[in-house]
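Chemist: Chains as they are written, first to last, in my numbering: chain A, 783 to 994; chain B, 783 to 994.
Hints are computed from structural coordinates only; laboratory data are not their basis. Watch out, some of these pointers could steer you wrong.
A pair counts as met if it fits within one copy or between any two copies, since identical chains are not told apart.
[As the list claims (entries may be wrong)] Cut-off 30 Å, straight-line C-alpha distance, at most; resulting in silico cross-link-like pairs (DSS-like, lysine-lysine):
1) Lys887 to Lys787
2) Lys794 to Lys876
3) Lys905 to Lys882
4) Lys888 to Lys915
5) Lys888 to Lys846
6) Lys888 to Lys992
7) Lys920 to Lys965
8) Lys787 to Lys965
9) Lys846 to Lys787
10) Lys853 to Lys794
11) Lys794 to Lys831
12) Lys965 to Lys905
13) Lys882 to Lys915
14) Lys992 to Lys852
15) Lys794 to Lys887
16) Lys832 to Lys887
Only a predicted model underlies this, so the values are computations on that prediction, with no experimental measurement involved.
There are 2 protein chains.
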Amino acid sequence: MNHMKTIDDYLKELSSSSPTPGGGNVSAFCGALASSLALMVCNLTIGKKKYAEVENTMQELKLKFETYQKKFIELSEKDNEAFNSVMEAYKLPKDTDEQKETRSKKIEEATFNSAEIPSEVIKTCYEMMPLIKDISEKGNVNSISDAGVAALLISLAAEGAYLNVLINCNALTNQTLANELRKQVGILLQEVTSNARLINQTIISKLSSKAN
Amino acid sequence: MNHMKTIDDYLKELSSSSPTPGGGNVSAFCGALASSLALMVCNLTIGKKKYAEVENTMQELKLKFETYQKKFIELSEKDNEAFNSVMEAYKLPKDTDEQKETRSKKIEEATFNSAEIPSEVIKTCYEMMPLIKDISEKGNVNSISDAGVAALLISLAAEGAYLNVLINCNALTNQTLANELRKQVGILLQEVTSNARLINQTIISKLSSKAN
C-alpha cells in the first residue's frame, strides 16, 4: 500500500483481480486506522483542564501511537512485497533438477516470509492493545466510542492477519516450522481478541446507562 | 470522508483533534473495504474454468458488492456531515427563550440523525453478510482468507457503528425513541457478529487442516 495513493485508487486496487493489495494488507492497514483513532483520542484529551491529571500519560501514549501508526503502514507495504515475492518465485524456471530445487527453495522462503509479516502484525496488535485500554479508560469521555472502534480495529487487524498466517503456513513444506508459528501467534491472538471484547463490553455498558 | 483524498491525508485527519472524521466514519469505511475485498474474490473467481459452475452467481454478487461499496462510502461521508450538523446546532444563539427552544430542537434533530446514520450502516452490514458467506463458500479457494477478512470487516463496521448509535442515543432527550433505535439495531448487530464468527471459524478450520 502506497499511502500517497487516493482512497478511491486504493479501493479500486483492492477490488481488482490483482492479488495485491489483499486481506493481509487491509488487516495491517486497519492497525494504522486504529492508531489514528487512538491519536485522535489523545489529541482530544491533551490540553483540556478536566484531563490535566492524565496530561503526561496522554503525551506519552501519543508518541507511542505515532510509532505504531508508522509500523502498521510499513507492515501493510511489506505484506504486498512478501506476496509479490511468492508470485515471483513461482515464475522461476523449472526445466532442470537444479532449477526445480532452487525454485522450491525460493518458494518456501518467500512463503515463510509471507507468514511472518502477518505474524508481526499480530505481535504489534498484542503490544498495542493495553494502550488502547488506557485511552478508553483515561481519555476524553466524549471520544469513548472512538477508543472502542480503535480496540475493534486492532482485534480485526490481528484476526485478519491470523487468516494470512494460516493460509501461508498451509503452503509450507516445513510443517514443523509452520506449527511453531501457528501456535505462537494463536496464543497472542486469543489475548488480543479477549481484551478487545472486554474493552468493547465495558464501553457498551457505559454508553447504555440510559437505556432500558 | 472524501475518497479522492490520499490515504496519508485521511490518516492525518483521523489522528487530529478535529472531531470528523472519527470512529463512525471509519466504521462505515470498513464496510467499503469489506465490499472491495469481496469484489476481489469475485474477480479472482470469474472466468476461471474450475469455477464455471458459479460464474453467474459471482457475476450477480459482483454487481451487489459494487452497490454496497458505493453505499458504504456514502454513509461514511454522511457520518461526517451528521456530526458537523450537531456541532453547528450547539453553536446556535441561546439568548432568548425562543432561541433556546430552537437550539434544543435543532440539537435533538441533529443528534437523532447522527444515531440514524450508523444504524443504516448496521442494516447494510446485516444485508451484506449472507453474500460474504456465499463468496467464502463458493469463491476461489485461494482467496478464502480475503473472504474471511471481508467478514471480519463487516462485523467491525456493525460493531463500531453500534458504539456510535449508543453515544448519540445517550445524548437524546427523547429516550423512548432512543430505546427503540437501540433495540432495533441491537438485534441486527447480534446476527451480524454471530454470522461473522461462524464464517471466520469455518475458514480457520479449513485453513488449519495441516496443523497439529
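Chemist: All hints are to be evaluated individually against the structure, with a verdict given for each.
Modeler: Here is how each hint holds up against the structure:
When the C-alpha separation of Lys887 and Lys787 is checked against a cutoff of 30 Å, the pair qualifies neither within a copy, at 34 Å, nor between copies, at 42 Å. Proximity of Lys794 and Lys876 under a CA criterion of 30 Å is satisfied in neither setting, with 34 Å inside one chain copy and 47 Å between copies. In the homo-oligomer, the alpha carbons of Lys905 and Lys882 never lie at most 30 Å apart, since the shortest distance is 35 Å inside one protomer and 52 Å across protomers. In this homomeric assembly, Lys888 and Lys915 never come within 30 Å of each other (Cα to Cα): the closest approach is 41 Å inside a single copy and 34 Å across copies.
Neither within a single protomer nor between protomers do Lys888 and Lys846 lie at most 30 Å apart by alpha-carbon distance, with minima of 36 Å and 39 Å respectively. Taking CA atoms no more than 30 Å apart as the test, Lys888 paired with Lys992 passes between copies only; the shortest distance there is 21 Å, against 59 Å inside one copy. In this assembly of identical chains, the alpha carbons of Lys920 and Lys965 lie at most 30 Å apart only when taken from different copies (29 Å versus 34 Å within one copy). For the homomeric pair Lys787 and Lys965, neither the shortest alpha-carbon distance inside one copy (36 Å) nor that between copies (40 Å) is at most 30 Å.
For the identical chains of this complex, Lys846 and Lys787 are neighbours both inside a copy (25 Å) and across copies (26 Å), given an alpha-carbon limit of 30 Å. Taking the shortest Cα distances, Lys853 and Lys794 sit within 30 Å of each other both inside one copy (24 Å) and across copies (15 Å). With identical chains, the CA atoms of Lys794 and Lys831 are at most 30 Å apart between copies only, with a shortest distance of 25 Å across copies and 44 Å within one. For a Cα distance limit of 30 Å, the shortest separation of Lys965 from Lys905 inside one copy, 13 Å, qualifies, whereas the shortest one across copies, 37 Å, does not.
Taking the shortest Cα distances, Lys882 and Lys915 never come within 30 Å of each other, neither inside one copy (50 Å) nor across copies (38 Å). With identical chains, the CA atoms of Lys992 and Lys852 are never at most 30 Å apart, being 39 Å at best within one copy and 34 Å at best between copies. Taking the closest pair of Cα atoms, Lys794 and Lys887 never come within 30 Å of each other, the shortest separation being 34 Å inside a single copy and 42 Å across copies. In this homomeric assembly, Lys832 and Lys887 come within 30 Å of each other (Cα to Cα) only across copies, at 28 Å, whereas the closest approach inside a single copy is 60 Å.
Violated hints for the displayed structure, listed by number in ascending order: 1, 2, 3, 4, 5, 8, 13, 14, 15.
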